[in-house]
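J.: This is what each chain is made of:
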Amino acid sequence: MLKYIGTRFALMLPALFGVAVLTFVMLRILPGDVVAARMLAETGQAPPALVAQERERLGLNKPLPAQFLDWMVGMVKGDFGVSMWTNRPISEEIGIRLGLSLQVAVMATLIAVLVAIPLGTLSALFRNSLLDYFVRLITIAGLAVPSFWLGMLMILGLLTLFRWSPPVTYTPFLTDPVGNMAQLIWPALAVGYRYAAVVARMVRSSVIEVLREDYIRTARAKGVFERLVISRHALRNALLPAITVIGLEFAFLIGGLVVTEQVFNLNGIGRLFVEAVARHDFTMIQALVMLTAVLFAIANLAVDICYGIFDPRLRTK
Amino acid sequence: MRRAVSLFVDFVRSQPLGIVSLVAVLVMVGCAIFAEQVAAFDPEAIDFAAMLSAPGAEHPLGTDAFGRDILSRLIYGARTALAIGVLSSFIGCTLGGAIGLASAFFGGKVDLVAQRLIDMLLSFPIIVLALVVVALGGKFIIAGIDVNLILAIAVPTVPRAARVIRAAALSVREMPYVDAARAAGYSDWRIILRHMAPNVTAPYLILFTAYIAQAILLEASLSFLGLGVAEPKPAWGLMLSGTSANFYQEAPWMILFPGLAISLAVFAFNLFGDALRDWLDPKLKT
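Read top to bottom, the protein sequences are chains B and X. The opening residue of the first sequence carries number 163 in our numbering; numbering runs sequentially from there. The opening residue of the second sequence carries number 11 in our numbering; numbering runs sequentially from there.
Here chain X stands alone, though its shape is the one from the complex (with noise of 0.2 Å):
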């Protein structure tokens, strides 16, 4: 515990814009948890006759086409983005270091053919992978989550976290407590997973918290082509699609302030990684 409060101090000091950052992505968090608590209103309530109403006392940010409170929107679509981003950075950083310590580790043929793979993934946009693996699946929606929009996202963040991870496990390999374990007789998988894996756990956080950023960015991008999250589920992206496309112009607040959640989300992830990395290792670049 004393240790925690220490290094908590320490990045605190040493990281000025680390701690606006996680204040940030804290406030984003409490508000997807206690979102019940903290929304005036029923995300998806309709109410006809306040609609289109512009920001004042009753809709602090207004009011959609339906009427629906776009504060309270906001708020839950917080849960939405933090959902789908943790789970499908976490899915996708998780696939990606694995793939990274084995080929790192056994070398050789592995090594080659999942390089080269890699490299192939690394030639296409990030939401052209998406997208593909979009117009593969169906929908399977398991706990209000749609499992395959979370591999959607999840799928290009893998073959750039295992690039990351190969190349830190790279010099892990080399150390001498891996020669020790491999002289005591231990099995491959153990020396990966209890030797080499903690050694990595830098990086790795570091990739983690940078694609929850992406992750909430291309679930926005996939919600706003009418290809992520569905209505009437309050997501930030979808938020700025359909009804808002036609009404903006007459009730600007409908996509202003979705818009800037994506934004804030995106640059406190961002920045919070970024201040991770340096906190972290120094010397690493991602």
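So that you can see chain B by itself, here it is in the shape it has in the complex (with noise of 0.2 Å):
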């Protein structure tokens, strides 16, 4: 098992050294000169001399490839340059970020699977039931109902039936646990429908297929009781493909957040990405790229994971 997540991890390496280098390439190649492009943004001006000290300042008149080295160099160490805009460290600017985003990812996450599994699997067992066509409903309209709507309509919601609106400043989950996820709840259930109705389309249609194998017609044939053929043979098998999906569905919860903590006023990772880009900050966004394509591949590396857990013979081979 280890020699099978060595391999995984290995393999994981070149992939992301790939994604640098393409990243590298759209944010300093293709746009021209990205302190003059910023500045004409900014003010609609771009002395020549300004931009010469601005070039100067953040290390991009060196030839590119020694910049690329520069940047890879940084970020082995952790260090990702600083911001044009805010002049700050960007690993300082994303670290107080990241914890709250997680946060809401993950508890995105755990409602989805805790609500898609068992939807899924139940509408595939009763296809075509009331109940299958309410799920297929839902989730089909999961994947048309905007998140950031979806956001307004809850808070429009809490506050005409409880008269309470999420509060504006954070709450660390340490100093109040109650109060934080009283806040974080919301914005992980507006992005969350989403991911549960992707989630519970793919269960539905893997558990339809398997249950269609040969292997399920002999363990009923050999009288196993119902339960077990779909606990044991049918659900074993059919989650694997919904494992990947929740992998890469995590993995793309960022793209969720970018627009659902502008509605809760969350001050997290996407909103440091649409404030990144509204000003032009290309360091920022060349690190922000950089932490989403990281956290796919290490997504992708769980799902892996899972797989070597799930399915032996992926281990032996």
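Note that these hints are calculated values from the structure, not bench results.
Pairwise CB distance ranges, derived in the manner of DEER restraints:
hint : chain 1 : residue 1 : chain 2 : residue 2 : range
1    : B       : Gly-470   : X       : Leu-180   : 26 to 36 Å
2    : B       : Asn-429   : X       : Arg-204   : 50 to 60 Å
3    : X       : Gln-47    : B       : Gln-229   : 51 to 61 Å
4    : B       : Leu-212   : X       : Arg-204   : 47 to 57 Å
5    : X       : Gly-195   : B       : Gly-236   : 51 to 61 Å
6    : B       : Leu-320   : X       : Gly-66    : 26 to 36 Å
7    : X       : Pro-208   : B       : Arg-475   : 36 to 46 Å
8    : X       : Pro-208   : B       : Ser-291   : 36 to 46 Å
9    : B       : Leu-272   : X       : Tyr-196   : 50 to 60 Å
10   : X       : Asp-52    : B       : Pro-280   : 47 to 57 Å
11   : B       : Arg-389   : X       : Val-157   : 56 to 66 Å
12   : B       : Leu-299   : X       : Pro-208   : 29 to 39 Å
13   : B       : Glu-375   : X       : Gly-66    : 51 to 61 Å
Over 12 Å on every C-beta distance to chain X, these chain B residues come out as not near it, computed from the model:
hint : residue
14   : Leu-212
15   : Ala-214
16   : Leu-220
17   : Leu-231
18   : Gln-265
19   : Val-277
20   : Arg-389
21   : His-395
22   : Ala-464
The structure displayed is predicted, hence computed values, not measured ones. The beta-carbon is built from N, C-alpha and C at its ideal position, and this holds for glycine as well.
Reconstruct the complex from the two isolated chains, following the hints.
T.: Written out as structure tokens, the structure reads:
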């Protein structure tokens, strides 16, 4: 098992390196001069003397390969450079916000998994029943309803029903766990709905597919209890594709948070990203794009490890 | 013509849900094309006398903080959403499709490089890629349409379309007629365009409709964040931001209807795409 994890981890590194090259190329070469572009966007003018001074300060006057090397060496050491907008170290700016976003992401995942797996399974077992139609309807709606609108409706509902609105200032989990949960459960639900819908659809279709397999018929024919057929034979196999979706969607939650954090006035990674884009803060965008790629790689690794646990064939190969 | 009618009858018979979604899509298209005739008010006309009025006889869906008629803004918003949705989905799917076709046809190193690039692009959430493009470009407005916004929405669909079209094109490449074309001495590009492309139209059409839904949702998100369509142009996502965010407790209709419009439009295009997929190719899974 350890060897299997080791191989998976080793495979992750070249992929991440490729993403780093791609990110660097996208942000440094395509737009021409980022400093002038930012100054033009911010103030409408870009005096050459000022541009040269900024380029010197940000290390942008070095040749591109040297810049890339600097960036890579910095990242390995945990130093992402400084923000072009606030002038503060990027790792610090991300560090104070990452906890909040990750907490919402983990809560959304828990909600999605706890709701989607039972619902998807039931929907598949009782195909074309009233429950199945209901699940299919709410899951297909989940793909269409924008999470930020759902968030606004939640705030509106809480206000009219309970005269309570989520607080504007952030309460850390350690100082007040209940207040923290009461605040973050709503954004987690707003992004979790879509997530749950995607996972439930996947679980439903893969359970339906597995139930057609020969080994299910064999198990039933030799008289295994139906409950065991479902839990041991069907679910164990049907959950593998669901795990992939759960992992990939977790990595993509940062996308959902980009808009949802805005609605709930949360100062997380998504908000930082929107601000960086609005202010043409290219060093920050570069770091955040890299962060999403790293999250994706980690989620992929976790999925691979889960596969290794659930499917012994993969370990021995 | 008769063939078209019989095809349509077949679609109606086999895809009842598809026809419901088609009607919804057509209503939206109708609103977008005939906005001037359908809407009772100018979507940008400010009327402070009617500020924040509740839904009633004069304004069926109420007015916003500037006294603008919400129904009229929704109708004109359909034009914005469809123009951006259709254009960006078309650009993204066509570009992706071309990459997928070339990748499948040439194989070897071209395929390997293209696939690695696509894998990398697929490791970013859709909105992250779109935001990067928004940040890179300025605003280029041609005929009232922000070209950079359309590109930003099109870029994330490119790798996804490329992967699906490549998979379909790989089996087309093995067909005897492709060998025959090659034996006849046709150029690579002629084979790709005249012999392979027509045979991946089914997955292309499915992708195109499905990504219109995606594009409408993405445009709404970007406009909501203030990085898409700009005021005073009517756009559904924009109607949920700005002043709506401040007044929606007193005037819930300001956020209720635009959100419903986004959801229904995305829902209809998704459903229509699904029906199209089941009808065109029951075996195809995207």
